[in-house]
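Protein chains: 4
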Amino acid sequence: MTKQLKIGIIGMGRIGKLHGNNLAFSVPNSKIEAVADLFLNDEMRAWAQGLGVQKIYNNPAQIFSDPAIEAVFICSSSEAHADLIIQAAAAKKHIFCEKPIHTDADQIRKALNAVEKAGVKLQVGFVRRFDHNHKKVRDVVASGQMGAPHIVKVTSRDPEPQSIEYVSTSGGIFLDMMIHDFDMVRYLSGSEVTEVTAIGAIKIDERIREFSDVDTAIVLLKFENGAIGVIDNSRAARYGYDQRVEVHCDKGCVQDYNDLIDTTIISTKDGVRSERPKWFFLERYNQAFIAEAQEFTAAVLNNTEPSVTGIDGLMPVLIAKAAQKSLDEGRTVKLTEFA
Amino acid sequence: MTKQLKIGIIGMGRIGKLHGNNLAFSVPNSKIEAVADLFLNDEMRAWAQGLGVQKIYNNPAQIFSDPAIEAVFICSSSEAHADLIIQAAAAKKHIFCEKPIHTDADQIRKALNAVEKAGVKLQVGFVRRFDHNHKKVRDVVASGQMGAPHIVKVTSRDPEPQSIEYVSTSGGIFLDMMIHDFDMVRYLSGSEVTEVTAIGAIKIDERIREFSDVDTAIVLLKFENGAIGVIDNSRAARYGYDQRVEVHCDKGCVQDYNDLIDTTIISTKDGVRSERPKWFFLERYNQAFIAEAQEFTAAVLNNTEPSVTGIDGLMPVLIAKAAQKSLDEGRTVKLTEFA
Amino acid sequence: MTKQLKIGIIGMGRIGKLHGNNLAFSVPNSKIEAVADLFLNDEMRAWAQGLGVQKIYNNPAQIFSDPAIEAVFICSSSEAHADLIIQAAAAKKHIFCEKPIHTDADQIRKALNAVEKAGVKLQVGFVRRFDHNHKKVRDVVASGQMGAPHIVKVTSRDPEPQSIEYVSTSGGIFLDMMIHDFDMVRYLSGSEVTEVTAIGAIKIDERIREFSDVDTAIVLLKFENGAIGVIDNSRAARYGYDQRVEVHCDKGCVQDYNDLIDTTIISTKDGVRSERPKWFFLERYNQAFIAEAQEFTAAVLNNTEPSVTGIDGLMPVLIAKAAQKSLDEGRTVKLTEFA
Amino acid sequence: MTKQLKIGIIGMGRIGKLHGNNLAFSVPNSKIEAVADLFLNDEMRAWAQGLGVQKIYNNPAQIFSDPAIEAVFICSSSEAHADLIIQAAAAKKHIFCEKPIHTDADQIRKALNAVEKAGVKLQVGFVRRFDHNHKKVRDVVASGQMGAPHIVKVTSRDPEPQSIEYVSTSGGIFLDMMIHDFDMVRYLSGSEVTEVTAIGAIKIDERIREFSDVDTAIVLLKFENGAIGVIDNSRAARYGYDQRVEVHCDKGCVQDYNDLIDTTIISTKDGVRSERPKWFFLERYNQAFIAEAQEFTAAVLNNTEPSVTGIDGLMPVLIAKAAQKSLDEGRTVKLTEFA
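Protein chains in written order, with full-length UniProt numbering: chain A, 1 to 339; chain B, 1 to 339; chain C, 1 to 339; chain D, 1 to 339.
Just so you know, these hints were derived from the structure itself, not from any lab.
Derived Cβ-Cβ restraints for the label pairs, each shown as a range: (1) A:Lys-269 <-> D:Asp-205: 40 to 48 angstroms; (2) B:Thr-336 <-> D:Gln-287: 50 to 58 angstroms; (3) C:Asp-205 <-> D:Ala-142: 18 to 26 angstroms.
Where a beta carbon is used, it is the ideal one built from N, C-alpha and C, also for glycine.
Using the sequences provided together with the hints, build the complete structure.
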């Protein structure tokens with residue numbers, strides 16, 4: 001049997017279990033050595049045992065102090081990410097961390113410094129980069145065969161609104177939802193955002209007004225390489241998870257469309273019906289979650305650089321903050337204001 | 001034979017001939033009674049004779065003074081439109097006028113006042129409203145079946161750049177090209193634009209920089225009804241005329257795709273090839289040009305209101321000016337600044 | 001004005017008027033000199049006058065004896081086609097004849113002999129060859145870029161069943177409906193059919209059983225060039241006019257899809273709806289009818305050969321008869337049985 | 001941990017390993033208790049150990065005599081399937097058997113009798129029934145919402161020809177390749193085939209002529225319920241694995257299209273390129289192989305009937321033999337000739 005990377009998973013909520021299952025069933029050269037959750041319960045314990053994990057902890061510290069563990073998956077609640085990165089780096093563990101690292105840029109910088117000083121690898125969970133469609137668009141653009149990018153467009157709409165409880169503590173649409181798209185436009189354009197203008201609307205649930213948030217938003221972007229871009233977000237597409245990207249270049253356009261539930265078509269006198277997009281991120285990015293865990297595992301085992309690193313964890317947060325400021329102040333905001 | 005509307009065509013350039021041919025071959029209840037062009041030449045004369053037109057003038061005034069003529073098609077160069085409208089109204093002729101009425105809002109208002117006072121009909125040539133695809137999207141939205149609109153998106157890209165001579169006198173991308181899209185978002189949303197933010201880039205031809213113009217642009221929009229929107233334009237799609245609209249509403253999304261040259265698909269080991277979008281406006285909006293001429297003719301004969309009237313000639317110009325100002329000043333511009 | 005071909009139209013039923021309107025509005029180098037119908041009525045007279053036709057006859061003989069007329073469109077009822085061809089040829093008129101020439105092969109051969117002896121041109125109305133989609137498929141195959149054809153497939157389904165009165169005198173599904181597809185497979189494959197096997201079913205209207213007809217049929221084909229093929233027909237698709245062709249070749253597959261009413265897509269939680277195929281032949285083959293009239297006119301004026309000639313009028317009838325025999329006798333039938 | 005079905009895998013060729021990997025990684029309520037292969041080698045041993053299997057045998061008999069084993073996956077070479085079924089049934093093991101059970105109908109019947117007498121479950125590996133697209137088409141048809149089926153069409157083309165060695169011992173295109181499609185039409189129509197007519201051609205590799213085989217074939221079908229159908233096969237699509245089905249019914253048509261490698265589209269002046277279909281069965285039916293193993297496991301654990309049983313193993317072989325006879329004798333063949 002080939003060498004297996006020994007991994008500790010921190011946090012056994014939905015995303016922690018998702019990564020755990022993928023590591024167990026789809027990343028043969030990984031082994032879940034331990035799991036930890038501050039709020040460990042019987043259900044988590046049963047899940048871990050079902051995967052054959054022996055070490056089940058109620059404190060991440062037990063993972064950091066375990067010398068058998070080479071790498072950690074940080075899947076705890078977001079506010080703890082930066083601290084856990086710092087602790088993991090101190091313990092010389094390689095780190096896969098779910099996005100966002102933190103909502104405060106200084107906290108992110110501190111975490112990235114710790115990672116750099118420790119010389120461990122850090123991969124941030126921007127899973128969409130591993131989607132077969134988006135990755136293909138980016139690869140075509142990056143190959144240069146289409147010439148320079150002119151316009152980068154991302155449409156990203158959730159199928160149904162999150163609960164108001166979720167939204168109220170989410171940090172707002174830009175930090176919680178569009179942050180993925182800010183990563184995506186950097187990925188697609190191969191360039192940094194310099195300037196944003198955001199507009200928003202409350203079209204789905206009036207209750208979010210009291211949190212100074214919006215549920216529908218469009219953001220204009222300028223890039224260092226001279227390209228321009230736009231992202232639109234909605235918290236409620238209703239028809240599924242609408243995830244499309246488009247890059248218009250010197251020689252034409254590269255774009256992708258949604259993956260559908262299936263390819264069937266029903267034609268009657270009442271019209272032609274085809275299937276909806278896959279429902280949400282678990283369905284749409286299922287293979288991408290596996291691919292990112294495989295890349296992280298391979299990067300550590302082969303001592304190569306992951307394709308999503310610390311700076312990729314920082315920049316989308318800065319863009320999100322600029323977008324929020326633009327929305328709040330009704331003006332265009334330059335990224336240099338956040339330098 | 002049913003009653004035929006007697007029409008005089010002013011201007012025998014490309015667009016004048018286009019309307020002339022459509023009236024002659026596809027609008028049975030119209031009759032081209034006369035044509036006029038200040039720069040009348042043999043080629044125009046031969047074209048008109050080929051359609052069986054007897055009265056061929058070198059001055060529009062001869063059309064206005066001809067009592068047999070009930071309506072005019074103003075297809076002259078843009079700067080003359082407003083004056084010709086005023087003269088036509090004074091002569092009690094019903095008016096179809098190519099867009100734009102004028103690039104100066106006050107001139108437009110003067111023309112509209114003349115039309116109103118004369119009690120004649122005025123239809124402005126925003127031909128895309130008559131496109132079968134865009135019209136269907138608008139009809140579905142307007143029916144209310146999808147609920148309120150949230151996001152209105154328009155992609156509009158020309159196949160190849162116009163000549164630099166053309167661009168240098170065009171009035172800029174917003175007044176020359178995106179003006180159609182400003183009309184389209186009003187049509188799709190059923191609401192007025194209140195605020196715009198424009199960004200642009202020069203990605204196709206550096207020579208336009210000296211005209212303070214751009215060849216690639218995106219404009220953010222806010223609407224009175226609370227919806228938000230975005231338009232992207234490129235002077236050089238390269239793959240054809242890219243004309244797509246999308247309206248995301250309470251219950252989901254209504255959108256259209258490009259009409260293709262044909263529906264064939266060639267599959268080989270090198271990939272799957274399908275046809276490009278129809279090449280440019282003559283191909284894509286061919287039927288729409290016919291439909292707008294039919295509507296104008298029917299509106300005059302039946303004394304009904306055309307679906308594109310004077311206010312539709314004014315508003316896109318104001319939005320275009322706001323967009324230009326936004327681009328020039330790097331800030332969001334409210335339409336009230338142009339009241 | 002350029003030279004115009006002077007045409008006489010024989011028969012002013014639906015198809016005669018269709019051709020008349022196309023000649024009048026879309027074939028500038030043609031002129032309808034006269035029309036004739038044995039059952040001339042006021043409505044036909046009004047239609048012809050509306051087109052500005054002066055000579056309105058109640059007997060085709062008046063057309064044949066008119067020296068001003070250079071060519072005829074034979075649009076009478078099917079059983080008269082062959083006789084009218086013979087009379088037209090005798091009068092040295094060039095001939096466009098609606099399909100089928102006759103249901104009896106000997107009658108067709110007699111008509112073709114008359115045409116050949118007279119040295120006039122004959123184009124048969126297999127309009128689908130002029131469809132932009134099918135023509136493109138054929139052109140790609142004929143270019144040789146895909147290598148030799150292996151499999152030729154045609155799907156052809158009418159939207160709604162014809163009346164039982166129509167069907168009872170139609171000559172059966174093979175002579176009335178699939179005859180177009182027999183022409184299409186010859187056109188696509190560039191080869192002659194050598195052998196057919198037909199199966200059929202009555203799935204739509206039991207009343208056609210008494211006419212020994214079927215409303216649903218599939219026919220297997222062998223071609224001289226070694227390719228094989230299949231056609232399926234239904235009298236009632238319900239969702240529109242389903243007209244698709246596919247040719248699988250050495251290097252891959254060339255196919256086309258239906259033209260849709262429009263390109264709009266409506267996505268909601270209940271699914272994704274797009275438009276149906278264009279409803280029937282008047283909608284789908286609208287441009288193709290114009291193109292065939294243009295080709296015939298040009299072929300006569302330029303003294304070139306039309307792309308659909310007498311042999312193309314004969315072969316599909318022979319194939320249809322072989323298919324009917326195959327269905328009746330439950331066996332494979334070689335075309336040599338009809339030599 | 002929930003109850004796990006203890007499985008023995010017989011045969012560790014490509015398909016045996018495929019099922020083994022799926023059971024290990026994607027069927028949590030299964031456990032590979034043992035593996036066996038008459039030609040056991042180091043590579044197979046390493047693969048099995050990699051999955052944590054302890055019992056690695058060089059004789060299937062060792063699996064049958066192991067009381068811990070509840071079910072077997074028969075993945076050996078085809079000619080041994082029937083015998084192994086009989087031995088498994090005698091040992092009271094439930095059976096998943098790859099297709100075909102045997103190429104001789106009497107051998108199949110003997111195996112099915114043994115299964116019935118033993119009272120064990122048998123599922124035959126017609127994996128395409130578990131494809132998300134085909135299954136959806138069948139479910140829509142089976143629901144009755146479209147009315148009765150009229151026409152059943154299956155297109156099935158391999159990407160590249162198999163080696164001539166493979167083809168020479170494959171039993172011919174009908175038993176080796178189209179057998180899947182014979183199962184599919186039974187599945188889609190919900191009815192038995194009563195009559196077939198086959199035509200074929202050698203268009204890809206002349207060497208198969210000496211084996212009296214063809215590489216391109218079309219088969220016409222009649223069904224007990226009055227529907228008619230057609231299947232086309234090619235050994236060399238070149239553009240990927242072309243797998244499409246279509247059922248035309250009273251109220252319209254239900255069909256599916258190929259799953260593509262990704263959804264990207266590249267538009268340039270040279271045309272529009274999209275991705276090819278997934279390459280071959282491992283890519284296209286990847287999820288379907290998992291689903292069939294899950295269904296078999298669940299059926300045994302829950303004591304329910306699998307959806308593909310012994311009769312489904314017999315009927316396609318009879319149809320394939322009838323098709324071969326039809327091709328050989330150039331005539332329509334009734335299934336009753338094989339009763």
